[in-house]
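A.B. asks: Residues per chain are reported as follows:
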Amino acid sequence: MPAREGTYGLIAEFDNPSDLVRAAKQARHDGWRRMDCYTPYPVEEAAEAINFHRNKVPLITLIGALMGLAAMFSLETWINVLAYPLNIGGRPLYSWPAFIVPAYEWTILWAGLSACFGMLALNGLPSLYHPLFNAPNFRDGATTDKFFLCLEALDPKFDLESAKAYLQTFQPLSVVEVEY
Amino acid sequence: MATSDIKTSDPGIDPKTGEFRVIGPGQTFRSVTEKITRIVLTPHTPLGWFALFAFAGGGATVLLVAITWLFLKGVGIWAITQPVAWGFAIINFVWWIGIGHAGTLISAILLLFKQGWRNSINRFAEAMTIFAVVCAGMFPLIHVGRPWLGYWLFPLPFTMTVWPQFRSPLLWDVFAVSTYATISVVFWYMGMIPDFGTMRDRAQTRLAQYVYGLLSLGWRGSTRHWMRYETSSLLLAGLATPLVLSVHTVISFDFAVAVIPGWHTTIFPPYFVAGAIYSGFAMVLTLAIPLRKFYGLHALVTERHIDNMGKVMLATGFIVAYGYGMEAFMAWYSADHWEAFMFWNRVYGPMGWSYLVLIICNLAIPLTTLWSRKLRTNISFMFFISLVVNIGMWFERFVIVVTSMYRDFLPSSWGTYRATKWDYMTYVGTLGLFTALFMLFVRFLPMIPMNEIRMMLPAAKITPKKTAKAGD
Chain A
1 MPAREGTYGL IAEFDNPSDL VRAAKQARHD GWRRMDCYTP YPVEEAAEAI NFHRNKVPLI
61 TLIGALMGLA AMFSLETWIN VLAYPLNIGG RPLYSWPAFI VPAYEWTILW AGLSACFGML
121 ALNGLPSLYH PLFNAPNFRD GATTDKFFLC LEALDPKFDL ESAKAYLQTF QPLSVVEVEY
Chain P
1 MATSDIKTSD PGIDPKTGEF RVIGPGQTFR SVTEKITRIV LTPHTPLGWF ALFAFAGGGA
61 TVLLVAITWL FLKGVGIWAI TQPVAWGFAI INFVWWIGIG HAGTLISAIL LLFKQGWRNS
121 INRFAEAMTI FAVVCAGMFP LIHVGRPWLG YWLFPLPFTM TVWPQFRSPL LWDVFAVSTY
181 ATISVVFWYM GMIPDFGTMR DRAQTRLAQY VYGLLSLGWR GSTRHWMRYE TSSLLLAGLA
241 TPLVLSVHTV ISFDFAVAVI PGWHTTIFPP YFVAGAIYSG FAMVLTLAIP LRKFYGLHAL
301 VTERHIDNMG KVMLATGFIV AYGYGMEAFM AWYSADHWEA FMFWNRVYGP MGWSYLVLII
361 CNLAIPLTTL WSRKLRTNIS FMFFISLVVN IGMWFERFVI VVTSMYRDFL PSSWGTYRAT
421 KWDYMTYVGT LGLFTALFML FVRFLPMIPM NEIRMMLPAA KITPKKTAKA GD
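Each protein sequence line maps, in turn, to chains A and P.
Going by this note's numbering, the first sequence opens with residue 1, and the numbers climb by one from there.
Going by this note's numbering, the second sequence opens with residue 1, and the numbers climb by one from there.
Think of the hints as simulated: they come from the structure by calculation, not from any bench.
Backbone N, C-alpha and C fix where the C-beta goes; we use that ideal spot for every residue, glycine too.
Any given hint could turn out to be false.
Computed beta-carbon distance windows for the label pairs [stated by the list, open to error]:
hint, chain 1, residue 1, chain 2, residue 2, range
1, A, 70, P, 182, 16 to 24 Å
2, P, 350, A, 88, 46 to 54 Å
3, P, 296, A, 59, 38 to 46 Å
4, P, 54, A, 83, 49 to 57 Å
5, A, 54, P, 46, 45 to 53 Å
Listed next, the in silico DSS-like pairs over lysine-lysine satisfying Cα-Cα at most 27 Å (straight line) [said to hold, decoys possible]:
hint, chain 1, residue 1, chain 2, residue 2
6, P, 114, P, 461
7, P, 293, P, 311
8, P, 461, P, 35
9, A, 25, P, 461
10, A, 157, A, 25
11, A, 56, P, 114
For reference, chain P alone in the conformation it holds in the complex (with noise of 0.2 Å):
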C-alpha cells in the first residue's frame, strides 16, 4: 500500500509525513502519567486478569510436578538417550533466550540508533526478556542430571579443588547467560527508577506509597540526577549490545564447536543471532497486541509500532533464510559425504516433517506476506504472523538439535526421538511460568516507561519564547 493511498483523515496518521504516530494525538504529561499508572494503582483488579493467571499458574503448576518427578526419577524420564543426547531442554533453552534478545534489541541497540518509537514497547519487551531468561535459565540445570551439583558450574573455592575447564563452550554459556541475565534486570530496574517515583507520588494506598517509595530509591528528578541517569543509560545500552550479540554467539558455539554434521559450521553465530532477534519480535508482538486491546493503551503502542516490528522481522527473516540457505549450500559445496546425507536425510529423511514447518512458518508465511503495509498494520493478521513465527523458530531449534542426531556416522547407532509427557510438560510448563510472571509484571509495575514518553510529547519542546499551556 503506497503513503498516497493513505486516508489522511485517520488520527493515527501523521498528516504532515503520512506516516503512523509514534503516540497518538493530543496527549498530554498527565494523561500519559494517568493511563499509565491507573493499570497498576487501581485497587479494581480485571476479572479477565485472573483467569488468565490462573490459566497461566496452572501451567506453572505442571511445571512444578515435573521438575519434581525429574528430581526424583532423573533425566531418564525424558526421551534423551543415544543418540539424541540433546532434546527438548537444549530447544526450549535455546528458544527461550533467543526470545530474550528482541528486548535487549529494543531496549539497547534501538536507544543508540535513536529509535523514539522504542520507548512504548521497550519496557515490557525488556520484562519479557528477564522472564525469558528465567525459563531458559533454568533448562540447563535441570538437564545436568545432578541439578544440586549445579554450583559446580562456577569457579568456587571447594575443599576438593576441582575447578571449571575454560576451553569448552557450555563454560563459556555460564558466563554468558549469568551476565546476560544479570545486566538485564540492572537495566530494566533502572529504567524503571523514576517511574517508580511517579508511582509513589500517585499511590493512594499507604502500601502503595511504602512499597513504590522504596523501590524508587528516593527519586526526586533532580537534574544533576537526570543528567547521570542519562549517560548510565547509553553506557548500559552501549554494553548491553555487544553482550546480547555475544550470548547467542556464545550458544552457537556449543553446537558449532562440536563435530556433528549439521552443527559444525561457521554460520551459526550470526544465524543464530538473527533467528533470536526474529522470533524475539515475534513475543513482543505476541504480548503487546493482546495488552494494547485490553488496558486501551492504542495511543502508546500505535500501528506505527506494530508495522516497525513487522519490518525488523521481515529483515532478521531474511538473514535465518539466508542462513537456510547457506546450509544447504555447505552441505553440498563441502563435499562432505557425512553432511550432505546429514543434510539430506532432514528434508526426506523420517523427521522431514519438521524441516517443511520450519519452512512454512519462518519462510513461507511470513516473508511473503510482511512486505505488504496494509498487513503489517492488521492488527489479527501481525498477531497470528508473530504465533507462526514462535513455532517456527522452536521448529528451527528441534531441526538443529534433533535432525543433526538422530542418525549419525553409523547406520548401526541410528535411533530416533520421540518426546515423553515429561518433556512437554516441563515445555508447556514453562510458558505457564512466562506468562504468570509476566501478569503479574503487567499488574504491579509500570508496564510502558513514563519519563520516556513525556520526552516525545510536543510539550516537551523547548521554545524560546513564552509558550501556551503544556500539552498543546
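With the rest of the complex left out, here is chain A (with noise of 0.2 Å):
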C-alpha cells in the first residue's frame, strides 16, 4: 500500500452481527462502493449485504490441480520410459496405471498448496501493518466479540462530517475515524 496522509475512513463498531448487516445493507443500497465489514468470525450475510458474493480460490486451486497432475504425470512417463528405463517383471515401460498414483497424490498437493496462498495472496496477506489497526477500539473488539462497518475514504461519497452523521443514524456503539 503506498504511504498515505490523512484520513483512512471511518468505523462503526455494533456489539451484535445483525446491526453490522442491516447498517452495510443500507449503505450499500445508498450508494456506498468503498467499503468493507470486519467481524471476529465469517459472517456471510454481511458479504451479501457488501455485495461480494464469488471469489477466484476455486479457479486457483483447479489451475494448482492440473499443474500438479501434469508434473507427476510427465515426470514419472519420463524417468521411467525414456531417462531411466527398468524392466520391471516385463511390465511395458509406459505403464500408466501405476504412474496414477503419485499423480493423484500431487494434484492434491498442489491444489492444496493453490488454495491455501492463492487465498493469501488475494487477500494480500501478509501485511502485517493496516491503517485500521490505529484504531483504538479496533483490536480489542474485531477478533473479539465486536462487529465494524468500515467506510472508507477512497469513496467518492466520502465526506468526513457527513459521512459521520450517516453512521451515527445506524446507532452503532462507536464511530471512530481512522488515520492512516
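Dock chain one against chain two, each of which comes alone in its own frame, and use the hints as you go.
C.D. replies: Below you can see the structure in the form of C-alpha cells.
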C-alpha cells in the first residue's frame, strides 16, 4: 500500500452481527461502494450485504490441481520410459496405471497449496500493518466480539462530517475516524 | 439409556431436543475467547504441565538414544531378520499414521458433512495428526538402513542419473505420506490464522504480540478475506478427504501387492482406512478427556463430543470386524493351502496370543459396550476404552506384519520374532516425542478454534429486528 496521509476511513462499531448486516445493506443501498465489514468470525450475510459473492480461489485451486497432475504424470513418464528405463517383471515401460497414484497425490498437493497461498495472495496477506490497527477500539473487538463497518475515504461519496453523521444513524456503539 | 431417562434438569442437556449440548449454556463471544486464549497467554505455566513435559521429554530422549545407536550400528540392533523382515518399525509406522487419520477426518470430512460438533475438537485433532505423522514418517527413514541416502526416495537429478521406480507401492507411499504431511500442516496453520489474530490482540506482553502478530500474517477479519478464507477451507477439506482415504489405501498396498499369505488380499484398503479412523478416534479421546479436565473445557468439549466419538468408533469398529471376518472367510473360501495355514497359524500358532489380544481389545470390549449411551457418556469409561482400542490397533498391525511372515512357505525357514530393547525404546520414544510436541502445542497455540466456536453461539444468529445484547 502506498504511503498516504490523512483519513483512511470511518469505522462504526456494533456489538452484534445483525446490526452490522443491516447497516452494511443500507449503506450499499445508499450508494456506498468502498467499504468493508470486519467480524470476529465469517458472517456470510455481511458479504452479501456489501455485494461480495464470488472469489477466485476455486479457479486458482483448479489450475494448481491440473498443474500438479501434469507435472507428476509427465515426470513419471519421462523417468520410467526415457531417462531410466527399468524392466520390472516384463511390464511395459509406459505402465501408466501405476503412475496414477503419485500423480493423484500431487494433484491434491498442488491444489491444496494453491488454495491456501492463492487465498492469502488474493487477501493481500501477509500485511502486518494496516491503518485499521490504529483505531483504538479495533484490536480489542474485531478479533473477539465486536462487528465493524468501515466506510473508506477513497469512496467518492466520502465526506468526513456527513459520513460520520450517516453512520450515527445506525446507532452504533461508536464511530471512530481512522488515520493512515 | 433412552432419551426419556435423561434428567432434563442437567444443564449439559438441551431441553428442546434431549440431546447433549455441543457447547455448554451461557457462553458469549468474549467468554469463549477468554477461556481459550487464557490457557496460552497466562504467564503461569501449571506445575503439572512441567511435570508431564519433563516425563514426555524423557521419552523423547530415549528415542534420541535409540536412534543414535541405530545409526552407529545399523538396523541389525532390531529384531528384524529372515523370515520376519519387517518388524516394529513398520508396525509403528502404520499405527502412527492411522492415528493421524482421525484428525483429518474430523477437520475435513465432518466439515463437509456440516457436523458442527467437530468445531471444538478439530484443532487439537489436527495437531494430533501432524505430530503422529512426524512420528510415523521417521520409521521408514530410519528403517532404510542408510538414512543418509533417504533423499534417493525422491526424483532428484543426481550425477549418477539413477531415478526412482514408479511402479512400486513403496514409492507411492513416499508421495502419499509427504503430501499428507504437507496438506495437514497447511490446513492446520491456515485454520489458526484468524485465531492468531485474536491472540495478537489479546496478548499482554510485547514478545507475544510480536510472535502472534507475525503468525497471524496481519489478519484483520475483513469480510472479503473471510469469504475467500471460507472457500479455501472448504476446498482444502474437499481435497483432504480423498487424500486421507488414499494415504492408508496406499499404505495397505505396501502389503497387499506382496504375495505373502495374509497380506495379499483386496480387503486391505477399506479395512486399513477404517482401522485408521478407529484408532485415531481412540487417540483423540485419549487426548481430549485429560485436556478438558485439566483446562476446564467442559463447556466446549461436552458429553456430546465424547458420545459422538463413541458412535464413530462403534461404526468403524464394525468395519474392522468385517475385515477380520473376511480374512477368516477368504482363508477358507480361497481353498489356498498357504492362506489357510497362515490363518490357522495366526490364531493357534505360537503367536496366537497376539491375535487374542487383538480380538479382545478391538472387538470384544468396545463393540459390546459402546452401544450403551450411558457408557458412551461415562468419561472414565471412554478413557479406558480409548486406551484399549489404541492397544488393540497396535496389535492389529503386529498381527498383520509378524504373524503373516514368521512361518512362511518352507518349514525349514520358519522362525520367530522377539523384539529387542532397541525396538521397544524406539517405540516408547515416539510416544514421548508425540506427547512432548502435543504439550508444546497446548501451551503455545490456541487448541480450540475460536472463530468456529463463535459461529455456533446463539448470539451469532442474524435476526431481522434489533436484538438484545450479544451473548444472550
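A.B. asks: Hint compliance check: list the failing hint numbers for this structure, sorted ascending.
C.D. replies: 2
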